[in-house]
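Single-letter residue listing:
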Amino acid sequence: MIRDITIGQYYPAESRIHRLDPRVKIVCTLLFLVSLFIQNSLAGYVIATVFLGAVIRLSEVPLKYIVKGLKPIVILLLFTVAMNLFLTQGGGRLVHFWIFTITENGLRTSVFMAVRLMYLVAGSSIMTFTTSPNGLTDGMEKLLHPLNKVNIPVHEVAMMMSIALRFIPILLEETDKIMKAQMARGADFESGNIIQRAKAMIPILVPLFVSAFRRANDLAMAMEARCYHGGEGRTKMKPLKYKARDRMTYIITVVYVAAAFAAGRFADFKLWIF
Amino acid sequence: MEMIHAEKLIYEYDRRDEDGNIVGTNRAIDGVDIDIPQGSFVAVLGHNGSGKSTLAKHMNAILVPTGGTMWVDGRDTKDPAELWNVRQTAGMVFQNPDNQIIGTVVEEDVGFGPENLGVPTEEIWKRVEDSLRSVGMIEYRKASPNKLSGGQKQRVAIAGVIAMEPKCIVLDEPTAMLDPNGRKEVIRAVEKLRKEKKVTVILITHYMEEVIDADQVFVMDGGHIVMHGTPREIFSRVEELKSYRMDVPQVTMLAEELRRRGLEIPGGILRREELVEALCRLR
Amino acid sequence: MSIALEHINYVYSPGTAYEKQALKDVSLVIPQGQFVGIIGHTGSGKSTLIQHLNGLVRAASGRLLYEGKNIYEEGYDMRWLRSQVGLVFQYPEHQLFEVDVLSDVCFGPKNQGLTQEECEERAKEALALVGFPEKYYRQSPFELSGGQKRRVAIAGVLAMRPKVLVLDEPTAGLDPKGRDEILDQVERLHKETGMTVILVSHSMEDVARYVERIIVMNRGEKMLDGAPREVFRHCKELEKVGLAAPQVTYVMHDLKERGFDLSPDATTIEEAADEIMRSLS
Numbered sequence: 001m002i003r004d005i006t007i008g009q010y011y012p013a014e015s016r017i018h019r020l021d022p023r024v025k026i027v028c029t030l031l032f033l034v035s036l037f038i039q040n041s042l043a044g045y046v047i048a049t050v051f052l053g054a055v056i057r058l059s060e061v062p063l064k065y066i067v068k069g070l071k072p073i074v075i076l077l078l079f080t081v082a083m084n085l086f087l088t089q090g091g092g093r094l095v096h097f098w099i100f101t102i103t104e105n106g107l108r109t110s111v112f113m114a115v116r117l118m119y120l121v122a123g124s125s126i127m128t129f130t131t132s133p134n135g136l137t138d139g140m141e142k143l144l145h146p147l148n149k150v151n152i153p154v155h156e157v158a159m160m161m162s163i164a165l166r167f168i169p170i171l172l173e174e175t176d177k178i179m180k181a182q183m184a185r186g187a188d189f190e191s192g193n194i195i196q197r198a199k200a201m202i203p204i205l206v207p208l209f210v211s212a213f214r215r216a217n218d219l220a221m222a223m224e225a226r227c228y229h230g231g232e233g234r235t236k237m238k239p240l241k242y243k244a245r246d247r248m249t250y251i252i253t254v255v256y257v258a259a260a261f262a263a264g265r266f267a268d269f270k271l272w273i274f
Numbered sequence: 275m276e277m278i279h280a281e282k283l284i285y286e287y288d289r290r291d292e293d294g295n296i297v298g299t300n301r302a303i304d305g306v307d308i309d310i311p312q313g314s315f316v317a318v319l320g321h322n323g324s325g326k327s328t329l330a331k332h333m334n335a336i337l338v339p340t341g342g343t344m345w346v347d348g349r350d351t352k353d354p355a356e357l358w359n360v361r362q363t364a365g366m367v368f369q370n371p372d373n374q375i376i377g378t379v380v381e382e383d384v385g386f387g388p389e390n391l392g393v394p395t396e397e398i399w400k401r402v403e404d405s406l407r408s409v410g411m412i413e414y415r416k417a418s419p420n421k422l423s424g425g426q427k428q429r430v431a432i433a434g435v436i437a438m439e440p441k442c443i444v445l446d447e448p449t450a451m452l453d454p455n456g457r458k459e460v461i462r463a464v465e466k467l468r469k470e471k472k473v474t475v476i477l478i479t480h481y482m483e484e485v486i487d488a489d490q491v492f493v494m495d496g497g498h499i500v501m502h503g504t505p506r507e508i509f510s511r512v513e514e515l516k517s518y519r520m521d522v523p524q525v526t527m528l529a530e531e532l533r534r535r536g537l538e539i540p541g542g543i544l545r546r547e548e549l550v551e552a553l554c555r556l557r
Numbered sequence: 558m559s560i561a562l563e564h565i566n567y568v569y570s571p572g573t574a575y576e577k578q579a580l581k582d583v584s585l586v587i588p589q590g591q592f593v594g595i596i597g598h599t600g601s602g603k604s605t606l607i608q609h610l611n612g613l614v615r616a617a618s619g620r621l622l623y624e625g626k627n628i629y630e631e632g633y634d635m636r637w638l639r640s641q642v643g644l645v646f647q648y649p650e651h652q653l654f655e656v657d658v659l660s661d662v663c664f665g666p667k668n669q670g671l672t673q674e675e676c677e678e679r680a681k682e683a684l685a686l687v688g689f690p691e692k693y694y695r696q697s698p699f700e701l702s703g704g705q706k707r708r709v710a711i712a713g714v715l716a717m718r719p720k721v722l723v724l725d726e727p728t729a730g731l732d733p734k735g736r737d738e739i740l741d742q743v744e745r746l747h748k749e750t751g752m753t754v755i756l757v758s759h760s761m762e763d764v765a766r767y768v769e770r771i772i773v774m775n776r777g778e779k780m781l782d783g784a785p786r787e788v789f790r791h792c793k794e795l796e797k798v799g800l801a802a803p804q805v806t807y808v809m810h811d812l813k814e815r816g817f818d819l820s821p822d823a824t825t826i827e828e829a830a831d832e833i834m835r836s837l838s
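Protein chains in written order, with the working numbering: chain A, 1 to 274; chain B, 275 to 557; chain C, 558 to 838.
Worth flagging that the hints you see were computed from the coordinates, not collected in a lab. Note that the coordinates shown come from a computational prediction; the quantities given were computed from them, not determined experimentally. Do not rely on the hints blindly, as some may be mistaken.
What the hints assert, rightly or not - Taking lysine-lysine pairs in the DSS-like style, the calculated list, with each CA pair at most 25 Å apart, reads:
no.	chain 1	residue 1	chain 2	residue 2
1	B	LYS400	B	LYS471
2	B	LYS421	B	LYS441
3	A	LYS236	B	LYS416
4	B	LYS400	A	LYS241
5	A	LYS243	B	LYS416
6	A	LYS177	C	LYS577
7	B	LYS421	C	LYS577
8	A	LYS238	B	LYS416
9	B	LYS516	C	LYS706
10	B	LYS282	B	LYS441
11	A	LYS180	C	LYS667
12	B	LYS466	B	LYS441
13	A	LYS180	C	LYS706
14	C	LYS797	B	LYS458
15	C	LYS813	A	LYS177
16	B	LYS458	B	LYS471
17	B	LYS466	C	LYS797
18	B	LYS416	C	LYS577
19	B	LYS458	B	LYS472
20	C	LYS581	A	LYS180
21	A	LYS142	B	LYS416
22	C	LYS667	C	LYS681
23	C	LYS720	A	LYS180
24	A	LYS199	C	LYS706
25	A	LYS241	B	LYS416
26	C	LYS667	B	LYS421
27	A	LYS149	A	LYS241
28	C	LYS667	A	LYS177
29	A	LYS180	C	LYS626
30	A	LYS243	B	LYS400
What the hints assert, rightly or not - Quick list of simulated restraints, FRET-style, between CB atoms:
no.	chain 1	residue 1	chain 2	residue 2	range
31	C	THR599	A	TYR65	49 to 59 Å
32	C	TRP637	A	ILE152	55 to 65 Å
33	B	THR299	A	ASP218	22 to 32 Å
34	C	GLU744	A	GLY233	56 to 66 Å
35	A	PHE100	C	LYS626	49 to 59 Å
36	A	ARG57	B	LYS469	45 to 55 Å
37	A	ILE102	C	TRP637	52 to 62 Å
38	C	ARG776	A	ILE251	50 to 60 Å
39	A	LEU205	B	THR299	30 to 40 Å
40	A	LEU33	B	ASP350	50 to 60 Å
Built from N, CA and C at the ideal position, the CB exists for glycine as well.
Full structure from sequences and hints, please.
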């Protein structure tokens with residue numbers, strides 16, 4: 001059933017990572033992603049693995065959840081690996097059959113690429129697993145606050161994001177209901193070619209849009225009735241404040257990025273072709 | 275002092291054709307005079323499209339009159355400088371429980387109003403706790419609104435209004451989308467608030483059972499107030515109510531039917547015990 | 558010519574934290590032509606139950622026989638079943654989507670593979686059955702009043718000419734007059750066409766006035782099943798599960814307790830008035 005889809009996959013727990021300020025998690029995740037791109041050495045990857053492993057351990061999110069999160073990128077992963085494997089030339093020739101050639105450089109690049117992609121997804125999913133959707137939008141709002149000066153409505157965008165998160169489950173349920181109701185009138189969503197199937201979606205999409213607009217209207221009215229008038233003069237029930245552990249996390253992450261970069265530059269070692 | 279006071283209130287909106295040209299105007303409210311004293315419990319009845327919701331929206335300055343004047347706690351709702359004061363004075367709860375909850379966590383939703391008012395953080399927490407307690411939802415403070423029943427969601431919505439410390443609460447058909455248990459929950463919560471916080475309550479509804487305890491009842495039809503009185507006075511005019519597409523509680527109906535058949539029963543019976551007493555006296 | 562449920566069980570989201578048994582060993586037979594009310598509060602399983610009737614939800618175990626054939630058998634034509642057992646959901650007007658009323662009502666027959674003329678003929682017949690005025694046939698369904706929208710939505714199901722009509726809370730959100738109008742219309746429909754009507758509601762007052770049989774659902778189980786007056790005799794048990802008999806039933810019980818010589822079985826105002834008049838004379 002469509003209702004089983006989970007979006008904004010928050011894993012509720014009280015771990016040390018969960019308790020961090022959302023801003024720290026956003027910034028450190030970005031730093032981690034950058035660290036994966038500025039180096040391409042075995043030593044660097046070893047350090048990244050240790051760092052990521054430690055964070056996963058501290059977050060108390062079961063490893064199985066994180067592996068599950070990699071599923072959607074399997075195709076992308078295979079595609080990247082294949083492209084790198086066969087198209088990168090240079091170094092000694094390892095395998096050759098028909099028109100395909102695998103070189104040492106090809107193998108090296110594709111393995112590093114695969115690891116990099118998996119760490120990218122795992123790293124960012126740790127952030128979403130340990131930060132509530134509201135925490136994320138709050139953190140974004142605060143981080144992007146300086147953009148207000150160049151007339152980007154940061155508060156409004158954050159508010160929209162958090163409302164969207166609240167309404168996704170409601171609209172999914174509604175889709176389910178409308179689908180069932182149209183099926184009760186004999187609608188068929190499963191057979192036919194692409195065009196027929198796309199056409200069969202109209203009886204679902206039109207009511208869904210009508211309902212979404214009605215909800216938006218109602219919600220806007222309810223917000224106004226509760227004196228909402230943008231971010232101006234607004235206080236926060238849960239204001240974000242940096243604590244010692246947040247500063248500590250920044251330091252650790254920066255040290256990690258520097259170490260990964262330096263290791264690749266000055267202390268790299270070779271293992272076979274890698 | 276009048277909490278709500280309206281004089282010759284008129285609200286018109288344009289009727290447009292397919293191209294957006296104005297082809298005429300509709301009057302949703304047509305010359306309404308209303309007086310609601312501070313601390314009272316007032317019910318407004320009317321069928322769908324009678325203008326009762328439009329009237330409710332005037333009390334919170336979501337709509338401003340196109341003719342006449344509406345004062346909320348002495349403030350003219352047409353005055354833009356008073357807009358936020360009016361909205362804080364008269365809080366509003368709407369019909370659809372899903373479409374008025376903004377937060378993804380119950381307590382954050384209740385804090386939304388105070389945040390908008392610029393209330394300091396510690397004070398917000400105090401108000402959130404206090405108002406969740408008064409509607410009996412404190413144990414759900416960390417829950418996601420999506421996991422609550424309709425009646426619980428409406429109680430959260432009421433808590434969200436209470437946290438803004440209004441003098442008056444306008445409930446616009448808060449029970450129309452709920453099942454009987456949810457309806458009872460909400461009405462009980464409103465009752466408790468009325469007693470504890472002494473707020474003025476204006477309940478818009480078409481469920482007759484909910485208005486029995488009201489101090490005054492207004493019945494609307496076609497944008498006019500067509501009946502006005504205590505519940506007992508209103509419910510003794512069964513035929514007139516029916517002509518406005520309204521209904522009366524089943525007990526009142528039975529009493530009326532027995533009266534019609536010649537029994538001497540007083541008019542406007544509201545409760546089951548009253549009818550039983552009246553019948554016992556006849557024996 | 559009937560619907561028979563045999564030991565139907567249904568579990569929501571099995572194997573997850575939200576697992577919940579929605580139906581527990583439900584067995585019942587609904588003969589053709591009956592006017593049945595299903596009552597229960599939110600979460601009692603009544604909505605899940607009716608979605609089994611046209612195969613939208615498949616039981617975890619048990620059999621469902623429509624006209625003697627098990628619908629869970631391989632190769633059973635579910636789309637045909639859905640045209641036979643018409644299901645009108647709660648707030649059905651939320652499913653309207655076409656540019657005008659007539660084409661919206663045509664959606665069902667079109668899915669049955671009928672020609673344009675046949676579709677329109679059936680749509681007009683269905684709209685007439687719900688008492689929808691002809692002059693609005695070409696109007697957008699979104700511009701109608703709440704009550705009229707609901708009529709159109711019900712017609713959308715009737716246009717498939719079902720033998721069984723299932724209505725989930727058809728009066729939700731309507732005002733008292735609108736509620737009576739829809740229910741009167743459904744009653745007329747039942748009389749004129751002889752189709753089976755299954756009315757899901759949480760209002761005892763509504764149901765008692767119209768149906769010949771009431772099924773009370775509680776926590777996924779069938780709790781009571783019988784004629785209204787039989788069911789309301791259990792008003793104490795009903796209250797325990799958060800339901801209530803009609804107010805008049807309570808008045809009659811009170812009167813009997815106070816020594817009136819009457820039968821407390823009345824479920825409608827007329828019956829109650831007759832009985833009180835009789836006992837007083």
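Hints versus structure:
1. Restraint check: the Cα-Cα separation between LYS400/B and LYS471/B comes to about 16 Å, which is no more than 25 Å; the hinted pair holds.
2. Restraint check for LYS421/B and LYS441/B: the C-alpha separation of about 31 Å exceeds 25 Å, so the hint is violated.
3. With a C-alpha separation of about 17 Å, the suggested pairing of LYS236/A with LYS416/B holds against the 25 Å cut-off.
4. Among the hinted pairs, LYS400/B with LYS241/A is consistent with the structure: their alpha-carbon atoms are about 20 Å apart, no more than 25 Å.
5. Annotation: proposed proximity of LYS243/A to LYS416/B holds, straight-line Cα distance about 23 Å (limit 25 Å).
6. For the hint linking LYS177/A to LYS577/C, the alpha-carbon distance of about 19 Å falls within 25 Å, and the restraint holds.
7. A distance of roughly 14 Å separates the Cα atoms of LYS421/B and LYS577/C; the hinted pair therefore holds under the 25 Å criterion.
8. With a CA separation close to 13 Å, the supplied pair LYS238/A and LYS416/B stays within the 25 Å bound.
9. Of the pairs offered as hints, the one joining LYS516/B and LYS706/C holds, with about 23 Å between alpha carbons and a cut-off of 25 Å not exceeded.
10. The straight-line distance between the Cα atoms of LYS282/B and LYS441/B is roughly 24 Å, inside the 25 Å bound, and the hint therefore holds.
11. A threshold of 25 Å between alpha carbons decides the hint, and for LYS180/A with LYS667/C the separation of about 17 Å falls inside it, so the pair holds.
12. Distance restraint check for LYS466/B and LYS441/B: the Cα-Cα separation of roughly 15 Å lies within the 25 Å cut-off, and the hinted pair is therefore satisfied.
13. With a C-alpha separation of about 19 Å, the suggested pairing of LYS180/A with LYS706/C holds against the 25 Å cut-off.
14. A C-alpha spacing of about 15 Å is found between LYS797/C and LYS458/B, which places the hinted pair at or below 25 Å, so the restraint holds.
15. A hinted pair counts as satisfied when its Cα atoms are at most 25 Å apart, and LYS813/C with LYS177/A does not qualify at roughly 47 Å.
16. In summary, the hint linking LYS458/B to LYS471/B is supported, as the alpha carbons are separated by about 20 Å, within the 25 Å threshold.
17. Between LYS466/B and LYS797/C the CA atoms are separated by roughly 24 Å; this keeps the pair inside 25 Å, and the hint holds.
18. Simply put, LYS416/B and LYS577/C have alpha-carbon atoms about 22 Å apart, close enough for the 25 Å limit, and the pair holds.
19. Under the criterion of a C-alpha separation no larger than 25 Å, the hint pairing LYS458/B with LYS472/B is consistent with the structure, at around 20 Å.
20. For the hint pairing LYS581/C with LYS180/A, the CA-to-CA distance comes to about 23 Å; that is within 25 Å, so the pair holds.
21. Between LYS142/A and LYS416/B the CA atoms are separated by roughly 23 Å; this keeps the pair inside 25 Å, and the hint holds.
22. Among the hinted pairs, LYS667/C with LYS681/C is consistent with the structure: their alpha-carbon atoms are about 14 Å apart, no more than 25 Å.
23. Proposed proximity of LYS720/C and LYS180/A is supported: the alpha carbons are some 20 Å apart, at most 25 Å.
24. About 24 Å separates the Cα atoms of LYS199/A and LYS706/C, which keeps this hinted pair within 25 Å; it holds.
25. For the hint pairing LYS241/A with LYS416/B, the CA-to-CA distance comes to about 21 Å; that is within 25 Å, so the pair holds.
26. A threshold of 25 Å between alpha carbons decides the hint, and for LYS667/C with LYS421/B the separation of about 38 Å lies outside it, so the pair is violated.
27. For a cut-off of 25 Å, the pair hint linking LYS149/A to LYS241/A stands: about 22 Å separates their Cα positions.
28. With a C-alpha separation of about 21 Å, the suggested pair LYS667/C and LYS177/A falls inside the 25 Å cut-off, and the hint holds.
29. Taken as a hint, the LYS180/A and LYS626/C pair is honoured in the structure, with Cα atoms around 23 Å apart against an allowance of 25 Å.
30. Between LYS243/A and LYS400/B, the direct Cα distance comes to roughly 23 Å. Compliance with the 25 Å bound is thereby established for this hinted pair.
31. Between THR599/C and TYR65/A the CB atoms are about 32 Å apart, so this pair departs from the stated range of 49 to 59 Å.
32. At roughly 57 Å, the beta-carbon separation of TRP637/C and ILE152/A lies within the given 55 to 65 Å, and the hint holds.
33. THR299/B and ASP218/A have their C-beta atoms about 25 Å apart, which keeps the hinted 22 to 32 Å range intact.
34. Under the hint 56 to 66 Å, the C-beta atoms of GLU744/C and GLY233/A, about 58 Å apart, fit the expected range.
35. For PHE100/A paired with LYS626/C, a C-beta distance near 57 Å keeps the hint of 49 to 59 Å intact.
36. Checked against the hint of 45 to 55 Å, the pair ARG57/A and LYS469/B passes, with Cβ atoms roughly 54 Å apart.
37. The hinted range of 52 to 62 Å is satisfied by ILE102/A and TRP637/C, whose Cβ atoms lie roughly 57 Å apart.
38. Look at ARG776/C against ILE251/A: about 56 Å separates their beta carbons, and that is inside 50 to 60 Å.
39. Distance hint check: the CB atoms of LEU205/A and THR299/B are about 34 Å apart, consistent with the given range 30 to 40 Å.
40. At roughly 56 Å, the beta carbons of LEU33/A and ASP350/B sit within the given window of 50 to 60 Å.
The structure fails to meet hints 2, 15, 26, 31 from the earlier list, while all remaining hints are met.
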